[in-house]
Amino acid sequence: MNKTVANADEAIKDIQDNVTIMLGGFGLCGIPENCISALVKKGVKGLTCISNNAGVDDFGIGLMLKTRQVKKMISSYVGENAEFERQLLSGELEVELIPQGTLATRCLAAGYGMPAIFTPAGVGTEVAIGKETRKFMVEGVEKEFLMEMAFDADFAIVKAWKGDPHGNLIFRETARNFNPMMAMAGKITIAEVEELVPAGALDPDQIHTPGIYIHRIFQGSNYEKRIEQRTVRKL
Amino acid sequence: MNKTVANADEAIKDIQDNVTIMLGGFGLCGIPENCISALVKKGVKGLTCISNNAGVDDFGIGLMLKTRQVKKMISSYVGENAEFERQLLSGELEVELIPQGTLATRCLAAGYGMPAIFTPAGVGTEVAIGKETRKFMVEGVEKEFLMEMAFDADFAIVKAWKGDPHGNLIFRETARNFNPMMAMAGKITIAEVEELVPAGALDPDQIHTPGIYIHRIFQGSNYEKRIEQRTVRKL
Amino acid sequence: MLDKVGIAKRIAKEIKDGYYVNLGIGIPTLVANYIPEHMNVVLQSENGLLGMGPFPFEGEEDADLINAGKQTITTLPGSSFFDSAMSFGMIRSRKVDLTILGAMEVADNGDIANWKIPGKMVKGMGGAMDLVASAKNIIVAMQHVNKAGESKLLPKCDLPLTGVRCVKKIVTELAVLDVTPQGFRLLERAPGISVEQIKNATLGRLIIEGEIPEMSID
Amino acid sequence: MLDKVGIAKRIAKEIKDGYYVNLGIGIPTLVANYIPEHMNVVLQSENGLLGMGPFPFEGEEDADLINAGKQTITTLPGSSFFDSAMSFGMIRSRKVDLTILGAMEVADNGDIANWKIPGKMVKGMGGAMDLVASAKNIIVAMQHVNKAGESKLLPKCDLPLTGVRCVKKIVTELAVLDVTPQGFRLLERAPGISVEQIKNATLGRLIIEGEIPEMSID
Numbered sequence: 014m015n016k017t018v019a020n021a022d023e024a025i026k027d028i029q030d031n032v033t034i035m036l037g038g039f040g041l042c043g044i045p046e047n048c049i050s051a052l053v054k055k056g057v058k059g060l061t062c063i064s065n066n067a068g069v070d071d072f073g074i075g076l077m078l079k080t081r082q083v084k085k086m087i088s089s090y091v092g093e094n095a096e097f098e099r100q101l102l103s104g105e106l107e108v109e110l111i112p113q114g115t116l117a118t119r120c121l122a123a124g125y126g127m128p129a130i131f132t133p134a135g136v137g138t139e140v141a142i143g144k145e146t147r148k149f150m151v152e153g154v155e156k157e158f159l160m161e162m163a164f165d166a167d168f169a170i171v172k173a174w175k176g177d178p179h180g181n182l183i184f185r186e187t188a189r190n191f192n193p194m195m196a197m198a199g200k201i202t203i204a205e206v207e208e209l210v211p212a213g214a215l216d217p218d219q220i221h222t223p224g225i226y227i228h229r230i231f232q233g234s235n236y237e238k239r240i241e242q243r244t245v246r247k248l
Numbered sequence: 014m015n016k017t018v019a020n021a022d023e024a025i026k027d028i029q030d031n032v033t034i035m036l037g038g039f040g041l042c043g044i045p046e047n048c049i050s051a052l053v054k055k056g057v058k059g060l061t062c063i064s065n066n067a068g069v070d071d072f073g074i075g076l077m078l079k080t081r082q083v084k085k086m087i088s089s090y091v092g093e094n095a096e097f098e099r100q101l102l103s104g105e106l107e108v109e110l111i112p113q114g115t116l117a118t119r120c121l122a123a124g125y126g127m128p129a130i131f132t133p134a135g136v137g138t139e140v141a142i143g144k145e146t147r148k149f150m151v152e153g154v155e156k157e158f159l160m161e162m163a164f165d166a167d168f169a170i171v172k173a174w175k176g177d178p179h180g181n182l183i184f185r186e187t188a189r190n191f192n193p194m195m196a197m198a199g200k201i202t203i204a205e206v207e208e209l210v211p212a213g214a215l216d217p218d219q220i221h222t223p224g225i226y227i228h229r230i231f232q233g234s235n236y237e238k239r240i241e242q243r244t245v246r247k248l
Numbered sequence: 002m003l004d005k006v007g008i009a010k011r012i013a014k015e016i017k018d019g020y021y022v023n024l025g026i027g028i029p030t031l032v033a034n035y036i037p038e039h040m041n042v043v044l045q046s047e048n049g050l051l052g053m054g055p056f057p058f059e060g061e062e063d064a065d066l067i068n069a070g071k072q073t074i075t076t077l078p079g080s081s082f083f084d085s086a087m088s089f090g091m092i093r094s095r096k097v098d099l100t101i102l103g104a105m106e107v108a109d110n111g112d113i114a115n116w117k118i119p120g121k122m123v124k125g126m127g128g129a130m131d132l133v134a135s136a137k138n139i140i141v142a143m144q145h146v147n148k149a150g151e152s153k154l155l156p157k158c159d160l161p162l163t164g165v166r167c168v169k170k171i172v173t174e175l176a177v178l179d180v181t182p183q184g185f186r187l188l189e190r191a192p193g194i195s196v197e198q199i200k201n202a203t204l205g206r207l208i209i210e211g212e213i214p215e216m217s218i219d
Numbered sequence: 002m003l004d005k006v007g008i009a010k011r012i013a014k015e016i017k018d019g020y021y022v023n024l025g026i027g028i029p030t031l032v033a034n035y036i037p038e039h040m041n042v043v044l045q046s047e048n049g050l051l052g053m054g055p056f057p058f059e060g061e062e063d064a065d066l067i068n069a070g071k072q073t074i075t076t077l078p079g080s081s082f083f084d085s086a087m088s089f090g091m092i093r094s095r096k097v098d099l100t101i102l103g104a105m106e107v108a109d110n111g112d113i114a115n116w117k118i119p120g121k122m123v124k125g126m127g128g129a130m131d132l133v134a135s136a137k138n139i140i141v142a143m144q145h146v147n148k149a150g151e152s153k154l155l156p157k158c159d160l161p162l163t164g165v166r167c168v169k170k171i172v173t174e175l176a177v178l179d180v181t182p183q184g185f186r187l188l189e190r191a192p193g194i195s196v197e198q199i200k201n202a203t204l205g206r207l208i209i210e211g212e213i214p215e216m217s218i219d
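Protein chains in written order, with my numbering: chain A, 14 to 248; chain B, 14 to 248; chain C, 2 to 219; chain D, 2 to 219.
Hints may be right or wrong, so weigh each one.
What the hints assert, rightly or not - 25 angstroms max Cα-Cα, derived SDA-like pairs, lysine to any residue:
id, chain 1, residue 1, chain 2, residue 2
1, A, K175, C, T76
2, B, K200, D, K137
3, C, K121, C, N138
4, D, K137, B, I201
5, C, K117, C, D159
6, D, K124, A, Q82
Claimed, not checked - A few chain D residues that don't get close to chain B, going by computed Cβ distances all over 12 angstroms:
id, residue
7, L50
8, G52
9, D98
10, R206
Claimed, not checked - Here's a subset of chain A near chain D, in silico, CB distances under 10 angstroms, partners left out:
id, residue
11, S88
12, T132
13, P193
These are computed hints drawn from the structure, not numbers from a lab. Note that the structure is predicted; figures quoted are calculated from it, not measured. C-beta: ideal position from N, C-alpha, C; glycine also.
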């Protein structure tokens with residue numbers, strides 16, 4: 014199998030207006046920087062983006078917000094972004110906030126072919142409005158759960174540390190986050206990697222995402238890997 | 014954290030008659046050999062065993078069948094075991110056969126705190142009898158699913174390649190199989206490993222099962238690792 | 002009439018470049034030997050491997066490395082291991098392009114029975130029910146008639162079902178057939194086999210339209 | 002009256018040897034600094050890490066290694082990384098022994114509100130709803146009264162809820178309280194704070210039985 018494409022532009026070339034895209038990453042950690050730049054360059058519009066966060070004003074998905082390419086965000090936390098706030102308050106941008114674990118598990122459900130999952134997150138809150146609830150016994154006590162549906166995304170774009178032409182991926186540290194589940198959940202999944210190695214160079218026991226889930230892969234470049242909250246201690 | 018115990022006898026010492034135990038492995042590959050021997054030695058009886066297979070006459074769970082310690086098997090495939098067949102036909106042994114993916118996913122559900130999952134496996138077959146079904150749209154077509162419940166096991170016993178005192182586990186090749194899901198699914202999970210290494214010796218990116226799921230760990234000994242179907246090609 | 006190798010060779014022609022394929026036990030396992038070398042095909046073994054290679058050379062068997070038939074195997078460059086939850090996850094989410102498996106009976110609506118014979122010791126369904134319930138494309142490798150000469154391509158399965166309305170294509174020692182809403186559609190005859198012989202061996206609805214070519218398997 | 006550090010120190014006393022603990026943003030993050038060194042405690046960060054260590058030394062920050070508050074952190078021997086599905090899987094399956102988080106309001110039935118103020122920009126619930134819906138044991142670190150002097154321990158939350166009937170214990174600048182079926186039970190007073198002051202600052206049902214000891218935080 015050789016799923017290698019030349020670069021981000023080629024990887025995203027069939028992404029059209031008004032599609033739904035999952036984007037991996039948590040905060041600015043593990044985000045597909047190259048593909049985001051290519052989407053901005055391509056100027057595709059009306060996107061529904063499923064991503065835990067919405068970047069910051071001048072990085073990550075924030076870049077696509079600035080160019081008004083995003084119609085709707087489905088996220089768990091969208092702070093730290095003034096342009097986001099402006100568009101939301103002006104009604105230009107639609108936002109659906111869902112619990113972080115629900116977001117992760119709805120991706121997992123899509124990747125694992127489970128049409129719906131049950132979670133207690135959001136029971137009794139406004140997140141539960143309009144959703145089916147169901148009680149199950151947990152540790153001898155009846156507990157209420159929400160039924161949440163698997164995501165249905167046209168594309169998933171993920172960022173990994175290493176990958177091979179089969180699409181096998183290895184993530185690094187907490188840059189793993191949502192990337193493996195989104196990789197499994199896209200109808201078409203695009204992976205950008207810091208280092209593309211030949212087939213056989215990755216230990217098959219250590220692969221986080223098997224290549225079967227990946228449709229296109231390329232070695233990215235010029236990763237900025239910006240830090241959102243630089244916290245240090247004194248020597 | 015130090016969850017290390019001396020050996021299999023100590024690891025299983027509170028396993029009493031009539032409990033439900035999950036046992037990792039597929040065929041004879043990746044089975045907890047040391048703990049099975051210890052359970053035979055201890056002579057605990059009336060067990061319900063959740064395991065994909067039931068071993069062979071003189072190895073694996075077959076050893077516990079020979080000593081009549083198993084009341085019920087929940088498995089997907091139980092061939093290759095004459096004593097098993099005898100006990101089943103004589104009514105001494107109860108067997109619940111479920112699809113392999115359902116078995117794996119019911120373990121995952123327990124480990125991931127999902128009370129139930131939906132799967133299409135078994136729809137329209139005798140596996141569906143008495144189970145709730147539900148239709149969901151899949152790729153634009155209505156498809157029927159069975160609702161299957163998370164397992165509720167008192168103990169899970171798994172076998173890994175390497176582990177550390179925190180209970181972090183790394184599996185090797187296809188000996189991984191059911192072990193990671195069962196590790197997550199037991200109320201008490203016992204891990205036996207071929208090599209117990211100090212905390213910090215395992216690369217945190219490569220750990221398959223984080224220690225939070227493991228209650229006891231020990232370095233096993235005298236692994237036989239028997240091969241069920243030795244198939245080779247000519248040079 | 003085809004032998005087992007012939008059936009395997011004919012099925013191998015259904016595999017396309019870039020396919021991920023799950024092969025069942027028996028004749029389906031043989032299919033791996035006849036996939037053209039220039040094709041990029043990855044074999045999935047549902048116990049937790051993508052990229053199954055050939056059997057190991059003697060002395061190189063590894064007890065930790067087996068396929069779903071519990072046979073010792075090898076890996077190939079690009080292989081990956083994963084747990085059984087992910088394995089059946091990728092099966093359920095239809096990432097496997099083609100599933101090839103054996104059957105005791107197939108009905109003309111695509112129902113399949115291949116796991117249980119009442120009165121005989123039941124070994125279990127293993128992963129077969131998961132595979133047939135989810136696969137995009139299922140090809141069955143089977144004998145057209147049983148040892149008593151009775152058709153195994155039926156209007157309705159007599160044996161307990163493994164899955165419903167799922168089989169897409171059947172390759173037997175006599176013929177290649179598609180499963181359509183109108184029943185089995187005869188596509189090809191095995192070398193030396195007449196349409197009449199196939200008619201006589203098929204109990205389910207059989208559609209024969211136009212000239213039925215003899216299959217080529219090499 | 003306790004300052005933030007005092008609240009963190011008092012909460013640290015609730016942590017037991019062998020605990021897996023999830024710390025929210027704000028005062029809860031400070032708790033890590035006061036866990037006795039001899040204790041084996043593992044901190045979970047819900048973005049995908051067990052075994053969170055202290056902040057890195059300057060120049061050793063790693064963009065790939067952050068906590069749920071997006072702060073640069075380090076690992077410790079025995080750490081493990083995992084994806085967000087597994088992370089919330091272990092939260093839902095109650096493998097995390099203790100969750101410590103902040104709140105805007107807590108009701109005397111254990112309801113908590115900490116994610117949304119109507120009329121203000123909503124940033125989102127992040128992982129808070131998952132954590133409070135599943136945690137075995139939740140301790141809230143919060144101010145007893147808001148800047149206007151109004152109680153935040155209420156008969157019923159006014160703000161949109163994060164979770165229902167889930168808070169087990171509350172540590173404020175004034176007191177330690179358990180949440181019981183009968184309401185808030187006063188357990189300890191902050192140094193120099195009278196029972197009367199706590200009564201006046203608590204709008205929800207408050208149970209005061211016997212002598213209420215002054216807490217010790219060192």
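Against the structure, the hints:
no.	hint	result
1	A/K175 - C/T76	holds (20 angstroms)
2	B/K200 - D/K137	holds (14 angstroms)
3	C/K121 - C/N138	violated (30 angstroms)
4	D/K137 - B/I201	holds (16 angstroms)
5	C/K117 - C/D159	holds (11 angstroms)
6	D/K124 - A/Q82	holds (20 angstroms)
7	L50	violated (8 angstroms)
8	G52	violated (7 angstroms)
9	D98	violated (9 angstroms)
10	R206	holds (31 angstroms)
11	S88	holds (6 angstroms)
12	T132	holds (7 angstroms)
13	P193	holds (4 angstroms)
Consistency with the previously given hints fails for numbers 3, 7, 8, 9, ordered from lowest to highest.
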